[in-house]
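Assemble the whole structure, with the sequences as input and the hints as a guide.
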Amino acid sequence: MSTAPWTLTLAEASARIADGALKPSTLLRSCLERVAEVEPRLNACIRILEQPALAAAEALDRETPRGPLHGIPVGIKDIIDIAGEITTCHSAQLLDNRKAEDAIVVARLRAAGAVFPAKLSTHEFAIGGPAFDLPFPPARNPWNTGHHPGGSSSGSGASVAAGMFPAALGTDTGGSVRHPASHCGIVGLKPTYDLVPRAGVFPLAFTLDHVGPLTRTVEDSAIMLEAMTGNAYRGEIAGGLSGLRIGYVRNFHEKDQPAHPEMAASLDAAAALLAAHGATVRDIALPSLNDFAVVNRTLLGAESASIHEFWLREAPEKYAGVTRRRLLPGMFVTGADVVQAQRHRAKLLAAVQAAFEEVDILLCASSMDPAARIDDVPEVERTYPRQARTAFNVTGHPAITLMSGLSSGGLPLSVQFVAPAWREALLFRAAAGYEALAGFKGMRPPL
Amino acid sequence: MDENTAETLALAAGLHKAWANHRDDVLAALATQQAQRGRLPRTRNPADEPAPAWSLPKPEPKA
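Sequence lines, in order, name chains A and B. Residue numbers for the first sequence follow the working numbering, so the first one is 1479 and each next one is one higher. Residue numbers for the second sequence follow the working numbering, so the first one is 5 and each next one is one higher.
Errors might be hidden in some of the hints.
Stated by the list, open to error - Cross-link-like lysine-lysine pairs, in silico, DSS-like; alpha carbons within 25 Å at most:
| hint | chain 1 | residue 1 | chain 2 | residue 2 |
| --- | --- | --- | --- | --- |
| 1 | A | LYS1825 | B | LYS62 |
| 2 | A | LYS1825 | A | LYS1733 |
| 3 | A | LYS1796 | A | LYS1577 |
| 4 | B | LYS62 | A | LYS1796 |
What the hints contain is simulated information worked out from the structure, not anything from laboratory work.
Given below as C-alpha cells:
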C-alpha cells in the first residue's frame, strides 16, 4: 500500500528525497492537495503561495539534494517575512505590507532547500486572538474544529498537526509556539533567547521574542533548528534517558495554577515513565508562575507599546477588539515598573540557573487545560494564562513541548521539557527519549 | 479609578481617539495595569541590578 507523501514526517520525506524515491514537487503537490482538503475547516492559512512554491520545488527536483531540508514544505507564520510576499500580521493595519527580503531565518531555510507554500494564521500581531473581527478568520484545532488550536502561532500548529506541511515556523513571546503545539498534539520548540535571529520578524516584545519550529516529531524539530542556526543538534538525540537527572516542577501545576486533573495525571505519568527508564527524577521547586507572569506582562506591555503606540493613538479602530484590549495596558506601564520587572527578572533567572546546578533537565506543565472551545470567550480568556511557558520567555532557557496523551474529550495533553541555556542538544535527547516511550509520536487527528 | 483621572491618564498617553471611541477598552486597560503593578514584586535594595544589565561589548580575548 502506498503512503501519501503528505503523511510523512520531515525526516521520512527527507530520506525519500535523498534516495530519489520522492521528488520535492511530488511532496509539495501532495501537501497542497491536503491543504485543499482540510483548509476550509481549519483556516490555518492567510495565503497559499502555490505558484512560487511549485516553481521552487521543480527547480529543486533537478538538483542534487542539499541536505535534510531539500524540498521540504515549511509553512511560515504571517509575521515572518518572505521576499516578495505580504506580511499582514493577520491585521487590517498591514494588508499591503509587501516585503522585499526574506527574514534571516527564512533565508537560511531557503538556502537549505525548504520551500514555502503558505503564510499562516496568527493571533493579530502575535497577541490578539482568537478574533472574529479581522480580515481573516482564526485557525481552528484539527482534533476538534470547535476548539481553539492555541496561539499565537495558531495556523502553524493547526497546519502541521493536520498534515498540510511537515513543519512550520512560529514565534514565542509568552508561549506562542508551545501553546499551539500543546493543543494540537505536535512538537513545539522555543530555542534559547537570541539563538535564532529575529531580523525580518515583526516584533511583539524584543527581550521576550523567540522564533521556533513546530513539527510532528522531536527529530524533525532538531533538523529544523540545525538549518535555522547552522549548528548540529542531533548528536545526542538517540542517547536515551539513562543517567539524566530530571527535576519535576510540581509547584507550577499543583500549587501556582492547579491543572485540569487529566493534565496533572499525564504529567505524573510522564515523570513515572522517565524514572522507569533510566532517568533520575526528583521534585524541584521554582518561583511561582505568577511571579514569572507579572514580569512577562509588564515587559511585554511596555515593549509592545513602544512598537504599537502610533497605531494605538492614530488608528485604534483597525485592531481587533481583543488585540486593542491586550495592547492598551502597555501604554500605562511606568518606567519604574519596567526596571522593577527587569530587576525581578534577574532573580527569577538566578533561581532557574540554580535549579540547573542540581538537575540536567526540567519537566513541567505546558498548558494547564486541554483546548477550550473557540467560541467560548470566557473559557478562552480563563484558560489562556493558565500555562507554564511564559517562565522561560522571561529567563530565555530553551523549552520544548510534546504530546503526552489525549483527554477524555479527545483533545491533546502535553508536557514541557526545559534545558540549560544553549543546551538544545540535551533538550532534544530528553524529549526524544520521552517521545519514544510515551506512544504518541506522530499521532494524527482524525480529520 | 474615577473617570476624570482615567481621562487625564488616557489623554496624557495620547489616546484621544481610543478614549473617544473605545472608552471601555481604555478603562479596562487602566484597571489591568493597576492590578499588574500591585502584583509586581518591587525591590528596595539599591544593589539589585536589572537583567539584562547594560553593558558595553567586551573586547575579544587576545590570541
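Quick rundown of the hints versus the structure:
Our distance criterion of 25 Å between C-alpha atoms is met by A/LYS1825 and B/LYS62, whose separation comes to about 24 Å. Proximity of A/LYS1825 to A/LYS1733 is assessed by CA-CA distance (about 20 Å); at most 25 Å being required, the pair is judged to hold. As the CA atoms of A/LYS1796 and A/LYS1577 are separated by approximately 21 Å, the hinted pair is consistent with the 25 Å bound. The straight-line distance between the Cα atoms of B/LYS62 and A/LYS1796 is roughly 44 Å, outside the 25 Å bound, and the hint therefore fails.
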